[in-house]
Amino acid sequence: MANKGFDLVIKVGGEGGEGVITAGDFLTETAARAGYWAVNYKSYPAEIKGGYAQSTVRISDDRVFSTGDSFDILCAFNGEAVEKNMVFLKRAKEENKPKVLVYDSTDYQPEEELENVIYYPVPLSELAKDVMKAYITKNIIALGALSELFGIPEQSIKDAIKAKFMRKGEKIVEMNYKAFDLGRQYVRENLQKKDPYKFPEPKEPQDVVIMEGNQAIAKGSIAAGVKFYAAYPITPATTVGNHIVMDLIKRGGWLYQAEDEIASLGMALGASFAGQKSMTATSGPGISLMSEFISMAGGTELPIVIVDVQRGGPSTGMPTKHEQSDLFICAFGGHGDFPRAILATTTVEDNFYLAVEAFNLAEKYQIPVFLMTDGALAIRSEVFPAPKVEQRPDGKVVVKGNIPYGVDEIEVVDRWVYNAEEDKEGQFRSETGRFLRYKTDTPTGITPMGIPGDPHAMHAITGLERTENSDPRFTPEIRVKQMNKRFRKLQTLLREDADRYYKDMRIDSDNADVAIISWGLTASIAREAAQRLREMGYTVNEFYPRLLWPVKAEVFEEFASKAKRVIVPETNYHGQFAFILRATTNLKDLISYVAYRGEAFIPKEIVDFAKMAIEKDIKKGWFTPSDVYGTVVGAI
Amino acid sequence: MANKGFDLVIKVGGEGGEGVITAGDFLTETAARAGYWAVNYKSYPAEIKGGYAQSTVRISDDRVFSTGDSFDILCAFNGEAVEKNMVFLKRAKEENKPKVLVYDSTDYQPEEELENVIYYPVPLSELAKDVMKAYITKNIIALGALSELFGIPEQSIKDAIKAKFMRKGEKIVEMNYKAFDLGRQYVRENLQKKDPYKFPEPKEPQDVVIMEGNQAIAKGSIAAGVKFYAAYPITPATTVGNHIVMDLIKRGGWLYQAEDEIASLGMALGASFAGQKSMTATSGPGISLMSEFISMAGGTELPIVIVDVQRGGPSTGMPTKHEQSDLFICAFGGHGDFPRAILATTTVEDNFYLAVEAFNLAEKYQIPVFLMTDGALAIRSEVFPAPKVEQRPDGKVVVKGNIPYGVDEIEVVDRWVYNAEEDKEGQFRSETGRFLRYKTDTPTGITPMGIPGDPHAMHAITGLERTENSDPRFTPEIRVKQMNKRFRKLQTLLREDADRYYKDMRIDSDNADVAIISWGLTASIAREAAQRLREMGYTVNEFYPRLLWPVKAEVFEEFASKAKRVIVPETNYHGQFAFILRATTNLKDLISYVAYRGEAFIPKEIVDFAKMAIEKDIKKGWFTPSDVYGTVVGAI
Amino acid sequence: MAVLTAKDYRSEVEPTWCPGCGDFGVLNATARALAELQKDPAKVVGVSGIGCSSRLPLFLKGYNAHTLHGRAITFAIGVKVSRPDLDVIVFTGDGDMFSIGSGHNPHVARRNIDLTIIMMDNKVYGLTKNQVSPTSREGQYGSLTPYGTIDHPVNPIQYMLTFGATYVAQTYAGNLKHMTKIIKEAIEHKGLSFVNVISPCPTFNKLDSYKFYKDHLVDINEELGHTDLTDYKKAMDIAMHWADYYHDPNAKAHIGVYYKVEKPTYHDMVEQVKAKVGHEESIQKLIDVCKPKAI
Amino acid sequence: MAVLTAKDYRSEVEPTWCPGCGDFGVLNATARALAELQKDPAKVVGVSGIGCSSRLPLFLKGYNAHTLHGRAITFAIGVKVSRPDLDVIVFTGDGDMFSIGSGHNPHVARRNIDLTIIMMDNKVYGLTKNQVSPTSREGQYGSLTPYGTIDHPVNPIQYMLTFGATYVAQTYAGNLKHMTKIIKEAIEHKGLSFVNVISPCPTFNKLDSYKFYKDHLVDINEELGHTDLTDYKKAMDIAMHWADYYHDPNAKAHIGVYYKVEKPTYHDMVEQVKAKVGHEESIQKLIDVCKPKAI
Ligand SMILES: Cc1ncc(C[n+]2csc(CCOP(=O)(O)OP(=O)(O)O)c2C)c(N)n1
Ligand SMILES: Cc1ncc(C[n+]2csc(CCOP(=O)(O)OP(=O)(O)O)c2C)c(N)n1
Ligand code: SF4
Ligand code: SF4
Ligand SMILES: [Mg+2]
Ligand SMILES: [Mg+2]
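Protein chains in written order, with the numbering used here: chain A, 1 to 636; chain B, 1 to 636; chain C, 1 to 295; chain D, 1 to 295.
Okay, the calculated bits of chain C under chain D, using three or more residues with CB under 8 Å as the criterion:
1) 91–103
2) 106–120
3) 145–153
4) 158–172
5) 263–273
Treat the hints as calculated values from the structure; they're not laboratory data. The C-beta atom is built at its ideal place from N, Cα and C for all residues, glycine as well.
Sequences and hints are given; from them, build the entire structure.
And the structure:
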């Protein structure tokens, strides 16, 4: 509960299957219905069934983008949840802000009372079993208790409950209302409020959506006009497919579950060649398998969007864990030199808009575009302003909303399709009338595509080097011209489009104490760290690029020139983005600050490191949280 | 024919299947038998059958490592060979050194006489058909003519001919001798020598071998003790397998032709897990397909040697062409962060010794090691001092010879296998007696492997993150320790082994006009360019590292500090090695000089660019030969 | 449109095949078949992998894709599923389809995707200069098996029958008429059709030569009386004798149609699903389902 | 060595499978079979891909490798070919082996490599939480096919027979005795053996449940009198009825051995080649062949 407004973190933890995750979802939706913002970070058990699950919901007046350092309130569905969070509860003492523990007292009693922790025992299981005669209502009883304890607007929760159970019938809704009231009643009759946390009054709800990360990618892709999706299941990318499949059918497209990832990308490229906007989504191992086709997409100039929902690597690694370690393979995997672009998302809201942008770049430049996100964002949900998709009178589709990286709207791009009518002068035809699919001398490097069915644009594609009309040929002249053509497209991209992905930049000083460059989920944590550093009196500049490749060096160089030191926090071992920046800009003195423990940073870790860097006058190098705290720390 | 000794370049060109390549091989072997050195660069037709083929043989007193800028003598088996080389013949005028054209005058007559070109018509086809009644002898007749014209030692050629045809019987040898004599005789009777080129007297032959690049890899791997080779054919890597298959069987090993590259690497890793030294060889597309298993090899710490015989990329690209564009995928392909090493060869001789080294690094550090070479080196043959493989009394195998990167000998490394006898204290056992395959606290990061059959070292491997005894586990502490363990191995490598691959360095001045860092085949061309620059009066420092990854920054930084500018010539678009150096060292001012036309540099192009860089005071940037000459030039 | 002749289906690119290569015949037969069907070249898509055989689509007019080794089928599926209005023909080789590509065969067949697969079976890797392929006979020499391969060959016909192809035939590059007829039928067939063309590689495969096949072929339909093409077991039975001639000098190699049935294609099934699910015009509506539900 | 019991083949790692998962049974049967054979755990290598089923080797003592999705067979071949003294068992799932891994199946089988493949067929992707697998019945719901899949399933038994496996059997995770017997036989078999274990996934596959199989199984050897296990055609015939029960509520699922023959293994052939080629003690000699030949 910061001084600037309402800001509360509630964590719900317990056995998977007991409605822990649902409880978090209810809190999130309640916040939305009460006119507040929320992010909800979910953590599913590694086991298929059972195992420990938790949901961390941060509700606030102003929009926030991380789930903070820790929780204010823990609602523990069992003893395990308390134990798992003991390390955080213990911190209440030093953090001079109280923490609240609401726990199922049916079978569990804390061993000791921790300093600055307020305890509220509620016999959740007992009430569910004995009073409600339905164990399944345990989480709703808990919501009732939380509502009573912290003043979470009753009507908003009840509405959320109703919305969820409506289609199961009035009876079920009533039962859940009853469970909710039971929780409230128990608290009223048995507990005395001792903590300072209190929900403000509900406000007029805003026009918002609630989406999970992978859902936002699905919806964004639909908005971009995708028509073909080739899937092969892999954690944590599978659910992009789950979310898109029915929408796609409704829009006349199709999701094809392929036999493997090589096949997925092959199919997606086939559909692209056939004229459709096309995509696939996978995680690290799938990107590895797709490498050969990625190289072909770059070489043959086929538009394609490849979503990489990253997980912990290398190899099978840690499928359910957060990491940002696929940047190297996305930027440099696949053999030989070819053009590509990489966009990376920092929030669920980003996932929606950048999905549209990824298709735009792919279709405009006829290159493979990676949309990089990660497993933590995949299952996190966010309340954000509802996006609007409009069709302009000229037929163009425009996506509007609160586009987080600072542009006003996104016009959906359709690829440049050859039109013989318009090419009366035969600019794209050879002397013998053949279609010049790969004409080399266009100023942008871009040439129109021919789509099957059009008798005027017939051509072959081949992964071999080729002439302008696509016959295999390896003479030095032809080769060099074709390479230059392909890479000229990236120069065009840097000129015409890069800036729009570089707008999320804040310069507080021309000689700031510290500057932060960050990407992916880490950026949304760094943003909060920067704010806190500012509150501590430091001057801080921030830059969260959404385009990671290609790199427009001068933008980074200028940004860096305005600070005494530049920290690049990211969650991988090599400091992959910093590595790329060192290689592509004239910046040498970047400080890599990396965590590779399978969990995101918390804002505090970045704050503490920044302070250390300022105090010890660190200007470059490679650091981990262990360098700050002397030991490996977990964050979740 | 440089002033420092004998140095002659003979090119033979004509229709594939007419013995062009064999003629080049004879010249190479003749040189060896006459006590000279030779390199023979072959260029096969892109077509399976027929098409244009040529062989460029450079014979010299001192060892040289490139085939020079151009030829002195062209022996053209048909008109096409003359036409293809017209651009070079025309240069004779400006190059004030005469060129000789020996051509088959049966059906061809040059249209004009070029300045400074000496013409020797010999009706090769006619003589073969009409006199010898065997068209197949055309190339031997040509050798006779060359021998007579340029004094190539008769006995040495005849010996080479005999060695080749011996096993076909005396008759065949006699017929070829006759053809050879016919060529000599024709020249004696019909032509007048007008050129200055003359072979010196044969010397006492040295103890040499003649190998092709891929053969040298095969032989080096055998010397290293490889036992399992998994193959999937791909140009230009296939012939590593062709060359090794029988040797391997004779040494008790096996070559398995797999169904694809994923399977090859999977099998090779299975064999490695089972305790065998194991390898595979492929080219770019295969590396792409192997990416997932490469990540697993790094993650599970399995020793493996992956030979990448590079070809022109991206995608199917230019399979028969030279390029060095797989460095990115070898260094950064495969998902997630994991340790690996990359060695790259500059000559055929390197191929032999670095194959041994690749196994050493793989076995010592239990990592995937890439041995990078390319298609031009693959089929080039070289005369070089014969390597010796000795077994020391202690059983260790030692490889000796003229190791080109400056070490005295290579001791063959066998992996550290767990030995329960020696581990009396249970350093590598858990409290319950389990084998600690992945103990994290060894100083080097290396831990002993357990080999199936040993009851004391039983364990599982998994691509998941894991405990010290290899159970899947993702806690931050375990994860961080295991990552640190794996990367500690690379720190050890940098400390203990990197320097041996950095010895091929020459510092002429502490403030040289220009320094060159180069790798792969380009290095052997840069070497010659450097020498010429020196002869022009410039001070030149040179550095040809054989280890490309990981990078020991201080070595490069110190090297670079001693010159006014550093040029990194390489044959790919991005300037991939320069990119890596910019990212990993504090060097910003590296000059990328790249060619991506599917052909190697010629020394002159590097010389001309270096001069330009010196004159225009260029310190950094990205340049191609077009920046020097204003147009795309071909080299072969 | 004027009547098109075989020539109208050929591109300007000249084949780089060796003289005598069987693939020339396949190219001719394909062009003829397309001409007989008067297909619109702009609506025929040829897709191939990598190999001598896989070069074929580059020599055809229309829309063609020379993709990656072993992956033609995957790319072709993408084309066909997203554009069912196109005729999609896969041109492949024995190595391309049955070695590196073998993982895709079961899945395209069991889904009965309406593609035509034409495999040029020269029983060797041609383009990489002589390695044994999965269809090479035991004992055949290859550069990586100089001792004569010890592998038992695959049986493409039985495989594709097992996987569920609904049209399965074999023909011979030396018999233009038969080839043209079969390829035409295969293109016309609704569902997954597979045509194995025995296509000699005179450069590397000395065993499976024109000379050998000259007196080793038998037409299973005309000569062996296999006429009930819907009889799966019978088709399997004949298929099992596919390679008898490798061992028995008197046994024959088969040409003809093994199997042909009509079953719903993948596209038919997709249409059913689409009809059931219905259409949504408005993208906005699909986004708005993520708003808190009005209650 | 003391007599080993099933427990001696189990590692310290506790399975993470859901309660009721069929894979527990497979683990038990495997440990029992190994105990009955008194195999030296240090000489048994278990290799798997990725999936719930592929976790199995982590729960076994000995040398085990949990490799990549679909690639267990490739890794296992490397182990076996380079170390024929080891017993190598592949543990895999229906998705692992017949979807992403399907390209490796023909080649391991036609070479008759002496591996044992045990596939836990739950007819679903378990680990990734409910997608249809190649063995799922038509109409089965999966997260990516919420309308009910339109794909016709593969027939693992017929496939492996077609590919040339020399031991092919099916068993059921609910029948420990039968499973143990079959797995034991499969391990003992010289050559490529394939065992398909119907292994229910109570969490995601509600169709192929214990309840369903309770009265849907028939033993082809005991009950249907299939006793000539070398009769390939008969084996094929029975295999073709593999999934009848998907459509016909009265049809049964089969358990038992379909096929079992002795044929030279890959290793037998390798030994022949090695004997023919001979051995060379000296590496130096192999290098010296590159010197100009003495004449
Ligand atoms: C990923 C990959 N691996 C290997 C190759 C090399 N390669 C090209 S063609 C070919 C074999 C082709 O055999 P087949 O399909 O029978 O064609 P053929 O040349 O015999 O017609 C191979 C292995 C490649 N191009 N790509
Ligand atoms: C390359 C790759 N792609 C996808 C995955 C995700 N994945 C893990 S298990 C699995 C399916 C497993 O199915 P199956 O083999 O039937 O095993 P089950 O869980 O049903 O036992 C998939 C798709 C992966 N691990 N690696
Ligand atoms: S190598 Fe064989 S398959 Fe290839 S083009 Fe020549 S004859 Fe045809
Ligand atoms: S999801 Fe299914 S297959 Fe996986 S462990 Fe659970 S029951 Fe077994
Ligand atoms: Mg072939
Ligand atoms: Mg399964």
